[in-house]
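K.L.:
Full structure from sequences and hints, please.
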Amino acid sequence: MGDIIVTTTESLPGYRVVEVKGLARGGIVRATHVGRDIMAFLKNLKGGEVQEYTQMLAEAREEALRRMKLHAEEMGANAVIGVRFMTSAVASGMAEIYAYGTAVVVKKVGEE
Numbered sequence: 015m016g017d018i019i020v021t022t023t024e025s026l027p028g029y030r031v032v033e034v035k036g037l038a039r040g041g042i043v044r045a046t047h048v049g050r051d052i053m054a055f056l057k058n059l060k061g062g063e064v065q066e067y068t069q070m071l072a073e074a075r076e077e078a079l080r081r082m083k084l085h086a087e088e089m090g091a092n093a094v095i096g097v098r099f100m101t102s103a104v105a106s107g108m109a110e111i112y113a114y115g116t117a118v119v120v121k122k123v124g125e126e
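Numbering-wise (the working numbering), the sequence shown opens with residue 15 and increments by one.
Hints in this document: simulated from the structure, not taken from any laboratory. Hints should not be assumed to be uniformly reliable.
[What the hints assert, rightly or not] Ranges between beta-carbon positions, derived for each pair: (1) Val43 to Asp17: 25 to 31 angstroms; (2) Val32 to Ala103: 38 to 44 angstroms; (3) Thr68 to Val123: 36 to 42 angstroms.
Here the structure is a predicted model, which means the values were calculated and not measured. Ideal Cβ placement from N, Cα and C applies to all residues, glycine included.
P.N.:
Shown next, in the form of structure tokens:
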């Protein structure tokens, strides 16, 4: 995978959008395993951060982002702007993470 620029902003300072390729997206459904669910349940009883789920969601976000960048690259883009994440619960201990943004071709100002 090439160097795809990813940003939550709608523009990139020093770059100009020369072509819009469309919606780039990447998603994944991740589940914890039984051992993690038991640990999460026990931690829930005493309160505090449930690190097992924090880790699961962090890994899922990274994979969704990787898939979105791959999709953008397949579309011929070199950047994705306006990136957002969406999370939804699918079932107990299972979540969908979806990353999406606008795939574009950008050029550095002055290199056009």
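K.L.:
For each hint, tell me whether it holds in the structure or not.
P.N.:
Results of checking the hints against the structure:
Between Val43 and Asp17 the beta carbons are some 28 angstroms apart, a value that agrees with the proposed interval 25 to 31 angstroms. For the pair Val32 and Ala103, the supplied restraint of 38 to 44 angstroms holds, since their beta-carbon distance comes to about 40 angstroms. Evaluation of the 36 to 42 angstroms hint for Thr68 and Val123 yields a pass: the beta carbon distance comes to about 40 angstroms.
Checked against the numbered hints above, the structure breaks none of them.
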